[in-house]
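Asker: Going down the list, the protein sequences come from chains E and G. Counting in my numbering, the first sequence runs from 1 upward without gaps. Counting in my numbering, the second sequence runs from 1001 upward without gaps.
Mixed in with the good hints there might be a few duds.
[Claimed, not checked] In the PhoX-like style, the derived pairs of lysine-lysine whose C-alpha atoms are separated by at most 20 Å in a straight line are: (1) G:1069 / E:142; (2) G:1015 / E:142; (3) E:183 / G:1075; (4) E:183 / G:1065.
Treat the hints as calculated values from the structure; they're not laboratory data. This one's a predicted model, so the numbers in the text were calculated from it and none came from an experiment.
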Amino acid sequence: MKKTGAQILCESLIKEGVEVIFGILGGSVLPIYDTFPQYPQLRHILVRHEQGAAHAADGYARAIHKAGVCIATSGPGATNLVTGIACAYMDSAPMVAITGQVARPVIGKDAFQETDITGITIPITKHNYLVTDVTELARTVKEAFHIAQTGRPGPVLIDVPRDVQQEQTEFIYPDRLDLPGYKVFSRGHPSQIKKAAALINEAEQPVIIAGRGIIISQAYDEFREFAEKAQIPVAHTLLGLSCFPGDHILDLGMMGMHGTGCANMAVQNTDLLIAIGMRFDDRATATTKEFAPNGRVIHIDIDPAEIGKNVPVDVPVVGDIKSVLTALNEEVERREHVDWLSQIEQWRCEYPSQDIRQSDELLPQYIIRQICEATQGDALMVTGVGQNQMFVARYFTFTKPDSLISAGGLGPMGFELPAAMGVKIGRPEEAVWCVAGDGGFQMTIQELATITQENIAVKIAIMNNGYLGMVRQWQELFYGRRYVDTKLWNPDFVRIAEAYEIPGVRVKRREEVIPAIQKATEHPGAFLIDFLIEPEENIYPIVPPGECLARFFEPSRTETWKQKSGVSITEF
Amino acid sequence: MTDTRHTLVALVEDKPGVLNRIASLFRRRSFNIESLAVGGSERPGFSRMTIVAIGDSAQVEQIRKQLEKLINVVKVSAITEGDMVTRELALIKVKATASTRSEIMQIVSIFRANIVDVAPSSVTVEVTGDEDKVNSLLGLLRDFGVKEVSRTGRIALTRGSNS
Ligand SMILES: Cc1ncc(C[n+]2csc(CCOP(=O)(O)OP(=O)(O)O)c2C)c(N)n1
Ligand SMILES: [Mg+2]
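All chains should be built: construct the whole structure from the sequences, respecting the hints.
Answerer: This is the structure we're talking about:
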């Protein structure tokens, strides 16, 4: 029996195990939407902006480790997806984005709502397709999911002209793929693993940089065994947080521009850096010129093109982290590193970056700590971008594997709310907290309607500082405290939530924090807390632009910093 | 490390948009490309592409690996100078008068090049060889007045029976 392109698309999605699709309709996807009622096993979540669809699919994908699916119409629908696709690309999240396209006869004629979305998304997708023949559709979907979900994951876009959706053909879902140019390096080369082990076994001051690759590979146990067996301290990239218990004696917390003093000192003073599933992003390394000057580098990653891209590597191991670590654990010797670990403890005491300063004001650090305690670290934390994100990264102790969902590489404000929706839909049994910036929240605030319509029980904590806080911090430190256009007039978020039928409370004082969190936790549905925090609170330490990791600044070190650097922080 | 010329030979699927993907990659990652030539290969449905890139060896290795990541790119090899046969084809339109024409023809024959078109005030020369040969011929013809040049850029294959 012949089927339409739209039916073939839906059935192919079902073959791939898709259960949820985030999207908004429009003229050139109408045939697809028209077939949805035939496939009740596909749950469609109607969002309020396509950016929300893409971030939700991304959050969903990160939560369940399978491709998230979003769909949008041609032209503006497709271009609205772009931010979310770019975000998934930067953070290696598997996604299949489906866009409608104008009918084939008018492609290239600047037809109404025609946009060259495959052209636009070449640099931000792992691959993309324009399907010009309905007989190619099933194979294309199969390839798209395979590419999105294997190797280093990423987004794949499929652009389907409207008339292809309506055309009919036999539905045959291929069981084999023919991708001669697609290579996945799954097992590390044994001789490279041996070389890596030899370096590890002789190192005196080794440090691990743990990246998101460990989470993607779900190698928590192998990784923990590795760190513990060789007694190597663990610094995390932002997205590597939650791959290893944050309360572990070997854990140093996050490194980088806003990393802990201890993590940054350890990395700068190491004799062997073991970088696992990370890509030497400049927010993590600071200037690469003086990065880990005495450290040899082992780089384990599934993507060969990451090797040597930003930092020279002594021993590369290309492969899936789980399999590489399994092999490596056989080769590495038990070590103790007594001197090195006591040096680490000394730094930990010297730079107590985890402490919260004494203040009567409502401090974001305190709030995050309280959310952590109230949920006993068991919540899935979704963040916005900016200070709120860094406060979560630094003050939430991640003890549950795979519990931070944050947009690291692209850092698009507005990620938090739609991503949290996706996370909650993917892992409905777990508590999901969305920590939002007051600025970022207003970039995708309309998804509150989706939350109510679809009954998505996320807990929203707005870190309301009345500023584009992270930018204000830069203006304060590096632009002579000239707050140009960073002050925000904000609406009453609690009343906004109420208008969306979401209950909420405003919190102005410390003693209201715990009861508010409790109230949010006890409420079965979505809940919003508007935390009016100290407006000019900064996230410290900070490594000023162009400096190396060891030259982090925090107010308690103003004088030593000035002596060491020869300039005051404000002279940058 | 010093910038030098490197030759990359790629086997790519002959699919719509492949050239666009490759060009987009070069532009996005600021790779410095001197020439790019593409045409058929021994396998139906696949093209062979020769890319001459400028950079140090680490940069060129980056280009190679990033190219290989493209789904439609099957294989990319960086070939070193001694190990390959390279050719370039150029068409050169030179001003020619009754008095200079025979001198031009002499030069052309020394280079084993051909005259492929003759007009009252010009001749068009076709030359094949490595870039040095094309450059030297071009240098000699400049004295007569070169009106137009079209070069294909380098194409290359490894020497011997390895592939
Ligand atoms: C879409 C987008 N626009 C601009 C920026 C630049 N930016 C980075 S952080 C930031 C401030 C964010 O303000 P808010 O959401 O209130 O978070 P806060 O830093 O105050 O916690 C801005 C504007 C960005 N990351 N994303
Ligand atoms: Mg703010």
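Asker: Hints first: check each against the structure and report whether it holds.
Answerer: Evaluated hints:
1. G:1069 / E:142: 19 Å, holds
2. G:1015 / E:142: 18 Å, holds
3. E:183 / G:1075: The given pair, whose Cα atoms are some 10 Å apart, holds under the 20 Å limit.
4. E:183 / G:1065: Holds, at about 12 Å.
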